[in-house]
Amino acid sequence: MGLISRMTTFVKVKLSRLLDRAEDPRETLDYAYERQLQLLQEVRRGIVDVTTSKRRLELQRAKLQESLDRLTEQARQALSMGREDLARLALERKAIAQQQVTDLDRQIQTLEQEQAKLEQAEMRLRAKVEAFRTRKEVIKAQYSAAEAQVRINEAITGVSEEMADVGLAIERAEQKTEQMQARASAIDELLASGALEDLTGTRQDVVERELARISVTESVEAELAALRAQLGQGESPKQLPEGGQQ
Amino acid sequence: MIVRILTEGQYRVESSLYDQLNALDNAIVEAVAAGDEARFQSLLTELLDTVRRHGIPVSPDEFVESDVILPPPDTTLEEARHLFAGDGLLPG
Numbered sequence: 001m002g003l004i005s006r007m008t009t010f011v012k013v014k015l016s017r018l019l020d021r022a023e024d025p026r027e028t029l030d031y032a033y034e035r036q037l038q039l040l041q042e043v044r045r046g047i048v049d050v051t052t053s054k055r056r057l058e059l060q061r062a063k064l065q066e067s068l069d070r071l072t073e074q075a076r077q078a079l080s081m082g083r084e085d086l087a088r089l090a091l092e093r094k095a096i097a098q099q100q101v102t103d104l105d106r107q108i109q110t111l112e113q114e115q116a117k118l119e120q121a122e123m124r125l126r127a128k129v130e131a132f133r134t135r136k137e138v139i140k141a142q143y144s145a146a147e148a149q150v151r152i153n154e155a156i157t158g159v160s161e162e163m164a165d166v167g168l169a170i171e172r173a174e175q176k177t178e179q180m181q182a183r184a185s186a187i188d189e190l191l192a193s194g195a196l197e198d199l200t201g202t203r204q205d206v207v208e209r210e211l212a213r214i215s216v217t218e219s220v221e222a223e224l225a226a227l228r229a230q231l232g233q234g235e236s237p238k239q240l241p242e243g244g245q246q
Numbered sequence: 001m002i003v004r005i006l007t008e009g010q011y012r013v014e015s016s017l018y019d020q021l022n023a024l025d026n027a028i029v030e031a032v033a034a035g036d037e038a039r040f041q042s043l044l045t046e047l048l049d050t051v052r053r054h055g056i057p058v059s060p061d062e063f064v065e066s067d068v069i070l071p072p073p074d075t076t077l078e079e080a081r082h083l084f085a086g087d088g089l090l091p092g
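As given, the protein sequences belong to chains H and A, one line each in that order.
Per UniProt numbering, the very first residue in the first sequence carries number 1; after that it's consecutive.
Per UniProt numbering, the very first residue in the second sequence carries number 1; after that it's consecutive.
Some hints here could point you the wrong way.
[What the hints assert, rightly or not] Facing chain A, according to a computed beta carbon distance under 8 Å, are these residues of chain H, among others:
1) Phe-10
2) Lys-128
3) Leu-168
[Said to hold, decoys possible] Covered stretches of chain A (in silico footprint by chain H; criterion: 3 or more residues with CB under 8 Å from a CB of chain H, positions within the stretch not fixed):
4) 19-32
5) 48-55
6) 76-85
[Said to hold, decoys possible] Straight-line distance between alpha carbons at most 20 Å, and here's what the computed SDA-like set of lysine to any residue pairs gives:
7) H:Lys-12 / A:Gln-41
8) H:Lys-176 / A:Glu-8
9) H:Lys-140 / H:Arg-124
10) H:Lys-12 / A:Glu-79
Hints in this document: simulated from the structure, not taken from any laboratory.
Where a beta carbon is used, it is the ideal one built from N, C-alpha and C, also for glycine.
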């Protein structure tokens with residue numbers, strides 16, 4: 001079986017669960033309409049959820065951004081007091097926070113895309129629901145019971161598919177939002193504890209972690225050199241053994 | 001023939017397009033089996049573009065059942081795998 005038939009079957013199974021036909025055809029119409037309005041509410045809630053999560057990430061991004069400036073200042077102070085070890089530590093934290101900012105930017109972008117998709121889905125469903133409402137009234141007013149049944153089946157089937165489609169969009173957005181929320185909670189905790197360095201360990205594979213570590217080291221060295229230049233200090237002697245003067 | 005692209009809407013296309021869609025579908029099955037993400041993405045895009053290019057969008061006030069339903073444009077290889085495993089588009 002190909003992807004097309006799998007997808008078709010999957011949606012049709014969902015669809016048949018979506019609307020249990022009532023005995024009275026006219027009741028079916030009203031029931032289906034109720035369900036559509038509910039779904040419309042759900043999409044709107046989904047949009048709110050995604051927007052809220054996005055704001056949370058933006059807030060974290062702002063906090064991390066602040067910590068970047070603070071850590072640079074700490075490194076400068078440490079260096080001017082001759083404490084290269086402290087300067088190094090501050091710059092390491094800064095480089096890690098910088099990586100988190102980049103990561104957050106990507107996540108914020110993902111949520112923006114989900115938001116746009118849900119807004120699209122809401123628009124499409126709203127048009128469909130409006131058309132269904134009109135159709136429903138026409139069927140009720142103009143058709144005999146036997147004729148109505150055929151029209152009702154058409155309308156219900158058509159709208160159910162749209163509902164299954166929108167339902168799927170909501171599920172996917174929810175799933176992405178949940179992933180981001182879990183990650184956001186982790187960052188919140190670490191921001192609170194000040195232990196930014198632990199963040200490099202989350203969700204990355206060994207290679208990514210190693211690359212991130214190398215990039216932290218490189219960035220620390222570059223920043224140290226820049227700060228030294230600003231403070232008018234030359235390159236500090238490297239690893240002179242204790243009392244190593246000749 | 002009515003084709004739905006999930007998250008996008010329905011299109012009315014000539015039935016003669018079916019063979020072309022089917023050929024792309026077969027290639028997609030192979031790409032998924034091979035775990036080839038790049039090829040999967042480009043084939044999926046081609047599949048959906050074929051429908052968009054040859055199809056006429058169905059108006060919202062028309063109520064028709066789709067003959068064929070295609071996955072959303074942003075479907076990942078992982079999601080396709082879940083679909084093949086018979087547990088829908090979403091993991092879990």
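Taking the hints in turn, this is what the structure says about them:
{"no.": "1", "hint": "Phe-10", "in the structure": "6 Å, holds"}
{"no.": "2", "hint": "Lys-128", "in the structure": "5 Å, holds"}
{"no.": "3", "hint": "Leu-168", "in the structure": "6 Å, holds"}
{"no.": "4", "hint": "19-32", "in the structure": "holds (count 7)"}
{"no.": "5", "hint": "48-55", "in the structure": "violated (count 0)"}
{"no.": "6", "hint": "76-85", "in the structure": "holds (count 3)"}
{"no.": "7", "hint": "H:Lys-12 / A:Gln-41", "in the structure": "24 Å, violated"}
{"no.": "8", "hint": "H:Lys-176 / A:Glu-8", "in the structure": "19 Å, holds"}
{"no.": "9", "hint": "H:Lys-140 / H:Arg-124", "in the structure": "24 Å, violated"}
{"no.": "10", "hint": "H:Lys-12 / A:Glu-79", "in the structure": "18 Å, holds"}
In this structure, the hints that do not hold are numbers 5, 7 and 9, in rising order.
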